[in-house]
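Please build the complete structure, drawing on both the sequences and the hints.
2 protein chains.
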Amino acid sequence: MKVIIVGGVAGGASCAARLRRLDEKAEILMVERGPYVSYANCGLPYHIGGSIENESSLLVATEQMFRVMFNVDCRTNCEVVGINSKQKTVELKNHLTGTISTEKYDKLLLSPGAAPVRPPLKGIDLPGIFSVRTVPDARKIREWLDRDNDHSVGNPFTGNDTVSKPKQAVVIGGGFIGLEMVENLIERGLEVTLIEKLNQVMPPLDHEMAILVERYLTKHGAKVELSDGVAGFRKPENHALEVLTDSGKVHLADIVIMAIGVRPETELAKMAGIEIGKLGGIRVDEHMRTSDPDIFAVGDAVEVKNFVTGEWALIPLAGPANRQGRIVADVIAGRDSKFRGTQGTSICKLFDAAIAQTGVSEKQLIGLGDKDYEKIYIYPNSHAGYYPGTKMLVIKLLFRKSNGLVLGAQVLGEDGVPKRIDSFAMAIQMGCTIYDLEEAELCYAPPFGSGKDPVNFAGMVAANILRGDMPVCHWDSADKGFLLDVRNPQEIAVESVPGAVNIPLPELRKRLGELPRDREILIICRSAVRAYFATRILMQNGFKARNISGGMLARSHSGTN
Amino acid sequence: MKVIIVGGVAGGASCAARLRRLDEKAEILMVERGPYVSYANCGLPYHIGGSIENESSLLVATEQMFRVMFNVDCRTNCEVVGINSKQKTVELKNHLTGTISTEKYDKLLLSPGAAPVRPPLKGIDLPGIFSVRTVPDARKIREWLDRDNDHSVGNPFTGNDTVSKPKQAVVIGGGFIGLEMVENLIERGLEVTLIEKLNQVMPPLDHEMAILVERYLTKHGAKVELSDGVAGFRKPENHALEVLTDSGKVHLADIVIMAIGVRPETELAKMAGIEIGKLGGIRVDEHMRTSDPDIFAVGDAVEVKNFVTGEWALIPLAGPANRQGRIVADVIAGRDSKFRGTQGTSICKLFDAAIAQTGVSEKQLIGLGDKDYEKIYIYPNSHAGYYPGTKMLVIKLLFRKSNGLVLGAQVLGEDGVPKRIDSFAMAIQMGCTIYDLEEAELCYAPPFGSGKDPVNFAGMVAANILRGDMPVCHWDSADKGFLLDVRNPQEIAVESVPGAVNIPLPELRKRLGELPRDREILIICRSAVRAYFATRILMQNGFKARNISGGMLARSHSGTN
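Sequence lines, in order, name chains X and R. For any residue, its number in this note's numbering is found by taking its place in the first sequence, counting from 1, and adding 480. For any residue, its number in this note's numbering is found by taking its place in the second sequence, counting from 1, and adding 480.
Bear in mind the hints are in silico, worked out from the structure with no lab data behind them. In this text, all values refer to a predicted model and were calculated from it rather than measured experimentally. Hints may contain errors.
The list treats identical chains as interchangeable, and a pair is accepted whether it falls inside one copy or across any two copies.
[Claimed, not checked] Derived DSS-like pairs (lysine-lysine); straight-line CA-CA distance at most 27 Å:
(1) K482 <-> K990
(2) K645 <-> K482
(3) K703 <-> K647
(4) K703 <-> K573
(5) K851 <-> K881
(6) K1024 <-> K505
(7) K990 <-> K505
(8) K699 <-> K750
(9) K758 <-> K1024
(10) K818 <-> K881
(11) K647 <-> K677
(12) K677 <-> K620
(13) K871 <-> K758
Here it is, written out as structure tokens:
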């Protein structure tokens, strides 16, 4: 049995190591066209930023290690330049020697990853424009950031010493890598402009959640330009790069980072004549087998099933890639392992904050025409409010209206985000309902949580809705009722909602006569807790009442104010 | 409908607030014998230590708030001194006025909590010996710590100024409150001795996990005295308190904290003639109803079912208490809410570390005579090893041998503990198997996790055992086979296992001839990863092999070295 693995990073390397453990006799050849296998591409932005100082730290396993520990014939700088799936051969080119050789396989695994999208814009090949995918990419960016800039030489208004290094950066694309690069370039002291074609950063998030991320970026010194695409690049002599946008703007840049997304590498798949899905990724079954029964594919190059929606998706994440690699090893070794699909759990550090999501977003549900869902916004403390260091979490939870199934969660904050997103992730994996979240027994001590954890709280608020105890509405429909604000006058003096009548909660029971019985009363407070109490008082007194989910805190990023 | 709630902290306060939301008309009387309702008793050690500076921070909700927001007749300094369950009346004593009054109830909730155990030892009432349960307790301790000590006055060897404040503390009892007090007293600059009657601290942990906590305490300056009980106290004139132990030792102390556990407050229950369980807590059904259908009980005073074992247990934790309070409100309001039992999820901060557990421990399983379980020890990084700040986690996972069901987890470490224990907690709640853990999709970015999260890793290691891919043994039976150490000679030079033969993993395939075919080969490495690889190589070459779970890292706290 000879197995050839193309691509020696996450999925490929996982497969090689596991296959050896399952089959001591198999002949395993792993080829990687780059100079390194099993490197930490997720760490590249931090190496560029300097918090990971040494390039060598990024090399998780070496070619040598694969040879010695796993008895894997591991070849770097070795690219597959041809596949003959009938003959079951691949043509390999050794980039150091130029030699081309042919190898037979019994089973072939394609783990080529995804390439940064690099549109054919005018000037895209100018020096100073980079993508962030490989260790050599990161090295080039570091060298560029450390070098003197030609254009500042001879500038009569500035000294050569302090301004000769790049000081202005443009990052194009506001996804994970884009945001990580914004942070890391700011950490290095650059002025950073982020340009994003969409009307929001961080596409997995819903728009109103992304608004908070955009504010956070701005607060940390980034300039954020949304809804504007890049039209091209120019490099006048003795001058910085110019980034030209669709709207006609010109942004100066000593360095440009292209981070507008990745595209599955499917050239090899096309050579092999295997099926490509509608999203442009390699089509595989639950065993990660392609349309050719002897060829498997894993990682960023394949389309996977979204575990929650059942739809095909491109989800370029390390965790699923590793698992898929293991599954292919199992299947090749004769086991019946299956990939259960992915739920898109992800997290991104941004300065002191974390931005995380799991399951589906509201826009995905809307895109699917799925109306059987409800959502809530809550703003709990990350841990007991009386213990130092607590921060406000922002949580959006999506769940089935008909049965309470948890569909998705988005969590932002400066403390305690991983604890909560992983609870939601495990909940979604196991088919939890919001009623299960109410009863979740999560760890609590004042430095880490609350007796009623934010995850419980989310479950309780959602269950209040489904049990009919608390009808809700959202800010986009808050113009359709009688607005009652139950906050204190001092709070309203700071910020009020036009047209809302104020009756502070403590006075509500005595002032019910002031409220209309023929209209739906939409209730406002800061975070929708007091408004919940008020909703209960009104409902039990025969009024039609709804709590506006998330209160003023939700309004602040609802886009409706 | 008149409801009287006895005890206004976690469970009682939760019930009052929820009952009002469910029933605007109910007459609710909540009495609390202490001066505060709804205070944060979990925060008391940190208030004593000083990280929570103001006492007022601990008051989550006030008597006034219950009156105004919830229309609850809330009375502090008011104690129930009699219950007549036939007449359905309680006798209340107002501690400020001395007045006694009688109130009728339709439903009664007992939420009296648990009292610190205070054995009738000689000298137990000497000044300077404290328990930590209420805000006044904390205030007294703070005052004592801030005061001048009589005994140091006139000491000819020391100045009065610097040594007049307490500088030596003895904490008795190594559970949650004991450990939190050790930390907080050390933070205040005291020398602290911890005395524990058992042979380990932190009783929910298994012994070998507690060893790590004991070392950590010692590393942070605490003196830890295990397997020694307190026999009594003495206070010679002009001298510190003396704490006398069963073994005959004498520990000097300017302050003593008694933290040897709590006992359910069942006096009221006895007055009411309701059933008490075998563990000494009030017996309730899943609706939190006592043997009297009109009397409910919640919180630290009741026995609850352990969700995993089905056994009765005393689990004095805030989270379950809050949930029970809500359930009683639901039931009184005519709803069918049930308490699902508790799985004992808990966490304790200790200096920079966290100590957490959920589900059952091995000693609980042993106590139940349950042999259908296996365990593993793993030592993964808290997040990607190449990203700064990663720390080693210690994880013990218990699971059913017959079906892979996750039974319990214990997690220790200085980073990332809450993320993992909550994943395990949610897993146990939802009846996850270790195969589900393998496939869990948890959040990953270098600052927060790994592509293969420690939770996945735990699942994989466990699944390797149950699938028969990796037989394991533990250090307590490591004398029953041929010991093979596959580490490098440099590692072995630092620490070796007597009698073990060394063949470094990279040489193993070539040196199989040196190994016996008639004996079971028990394989050692640092953390059991290389030993796993070696196990696979040997098994596939026809040897009988076992990995010693957790490797040298497990040996270091196995108690066998």
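Right, here's what the structure says about each hint:
{"no.": "1", "hint": "K482 <-> K990", "in the structure": "between (82 Å within a copy, 21 Å between copies)"}
{"no.": "2", "hint": "K645 <-> K482", "in the structure": "neither (51 Å within a copy, 76 Å between copies)"}
{"no.": "3", "hint": "K703 <-> K647", "in the structure": "within (14 Å within a copy, 54 Å between copies)"}
{"no.": "4", "hint": "K703 <-> K573", "in the structure": "neither (44 Å within a copy, 65 Å between copies)"}
{"no.": "5", "hint": "K851 <-> K881", "in the structure": "within (9 Å within a copy, 43 Å between copies)"}
{"no.": "6", "hint": "K1024 <-> K505", "in the structure": "between (73 Å within a copy, 18 Å between copies)"}
{"no.": "7", "hint": "K990 <-> K505", "in the structure": "between (82 Å within a copy, 14 Å between copies)"}
{"no.": "8", "hint": "K699 <-> K750", "in the structure": "neither (46 Å within a copy, 60 Å between copies)"}
{"no.": "9", "hint": "K758 <-> K1024", "in the structure": "neither (48 Å within a copy, 50 Å between copies)"}
{"no.": "10", "hint": "K818 <-> K881", "in the structure": "between (30 Å within a copy, 22 Å between copies)"}
{"no.": "11", "hint": "K647 <-> K677", "in the structure": "within (24 Å within a copy, 63 Å between copies)"}
{"no.": "12", "hint": "K677 <-> K620", "in the structure": "within (26 Å within a copy, 62 Å between copies)"}
{"no.": "13", "hint": "K871 <-> K758", "in the structure": "neither (42 Å within a copy, 43 Å between copies)"}
The structure fails hints 2, 4, 8, 9, 13 (numbered hints given earlier, in ascending order).
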